[in-house]
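S.K.: If you want the building blocks of each chain, they are given just below.
Number of protein chains: 2
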Amino acid sequence: MNTLTVVKIGGNVIDDSAALHRFLTAFSSLSGAKILVHGGGKIATQIADKLGLQTTMVEGRRITDKPMLDVVTMVYGGLVNKQIVAQLQTLDINAIGLTGADGGTVLAIKRPVKDIDYGLVGDIDEVNSGQIQFFLHQDLTPVFAPITYTEAGELLNTNADTMASAIAVDMVKHNEVTLVYCFEKKGVLADPTDDNSVIGELTPTVYAEHKAAGTVNKGMIPKLDNAFKALGNGVAKVIICHADELALAAQQGAGTTLRLEK
Amino acid sequence: MNTLTVVKIGGNVIDDSAALHRFLTAFSSLSGAKILVHGGGKIATQIADKLGLQTTMVEGRRITDKPMLDVVTMVYGGLVNKQIVAQLQTLDINAIGLTGADGGTVLAIKRPVKDIDYGLVGDIDEVNSGQIQFFLHQDLTPVFAPITYTEAGELLNTNADTMASAIAVDMVKHNEVTLVYCFEKKGVLADPTDDNSVIGELTPTVYAEHKAAGTVNKGMIPKLDNAFKALGNGVAKVIICHADELALAAQQGAGTTLRLEK
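Those protein sequence lines, which keep their order, are chains A and B. With the working numbering applied, the first sequence covers 1 to 262. With the working numbering applied, the second sequence covers 1 to 262.
Next comes chain A alone, as it looks inside the complex (with noise of 0.2 angstroms):
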């Protein structure tokens, strides 16, 4: 079976152009068929700022009304994308950059309201493998903004790591797959004052007890929640690292990588 790596990268990686460059360059580096699914980055943030929308969080997660959904639109799916598209393009990746209504690879549906009402926010539903793979077939990396649309032809804004793990989870079918999520940490730390307290490998019963002892940071458990589900569903890797460390991490020399209990 082919090998496949999907890498998230976030968005203060995203931010910053030199340690953007450093990364772009690993994952060039990369063996066999890959797939990058980026972030944001604060740039969205200071650009509604600019155009008086105000940016409302919640969890993390930004509420998205329509005068957001065009930001979001215009910098994921235009600036942002585009640019890393440009550089993969120089460094001999033949990239290519997608939303999910793009060959309509990932259809979602709004979410539905419960406790919050998010707004314009996608649900994945269904993701296209097959399309994705005749696009690997032909040597094309894609390269997802973390924006998906619906049958109404609606587009709508998604968690960039939800839509990693649905990608990587759906690419099971024709591919062997590691997904690899990069931040600016190292992995998962023991203790989240010590940088330097990577755990090397998380299984679900050690996860379950550093959440216990709530050692875990907050941000990391709906990652960490979406890289177990990954693993359940097929995934046969899933490794969290810093975004420096991603051609290391590939070769288990970094990071912290997660898998099932035998």
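Honestly, the hints are just simulated from the structure, not real lab data. We put the CB at the ideal spot given by N, CA and C, even for glycine. Take every hint as true, because none was put in to throw you off.
With a cut-off of at most 27 angstroms between alpha-carbon atoms, the simulated DSS-like pairs for lysine-lysine come out as follows: (1) B:K42 x A:K42; (2) B:K50 x A:K66; (3) B:K186 x B:K237.
Sample of chain A residues lacking proximity to chain B, with all beta carbon distances greater than 10 angstroms (derived): (4) A19; (5) V58; (6) D65; (7) K114; (8) D195; (9) P204; (10) A212; (11) A236; (12) K262.
Position chain B against the provided structure of chain A, taking the given hints into account.
M.R.: Relative to chain A, chain B alone:
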């Protein structure tokens, strides 16, 4: 040989959501393979204004410094492109939004400075028609934003008319190509003050006469020069028509058809 229709849609249709929807419905009904190239409309200027950037146009072309390029990349490559793609998906067209950087489809060089420094504006160097043809083979419909890239990974603002004609010309390798320019007039007018004075057929000789007489509108001249150049380079037919008459014009029942003298 397969037939291919390359359609350029201008900014004022994009600015009018009802007109855009009518146009996309007609576009989706065209038989055979198709490609859409869209302009930007006034949204880029409006957003630039709100961001405190001044827009300078010289002969209908936007002077593009780096902040303006970012706006153009956001608005054309993000907002406008993805809204069109999502709408086409609801019309059963598997659209894929592209800039020239995506899939390395349209490479450009920064326009050399002569009398005017247009800034980060691209002159098209090479169209990768093999890549575009490969999308068509998979029943994908490319939707191009008027942005290209350089070998150094720089994005460039590019005239949409020129982009449409360059793509049409290169696609001649694989298809019998019709190029259609949709805009707000019913065609090329013999009398600029009479919207119904559409010239049904325009040859280089007739065009030269109208130019000499000054009846052909100033803004039409680069469009027509581009169009005749495309015919000279193997495009089978060029049609200039109102956006609302695309379906009719494709059957040669409306608009102006350009042909070379026999």
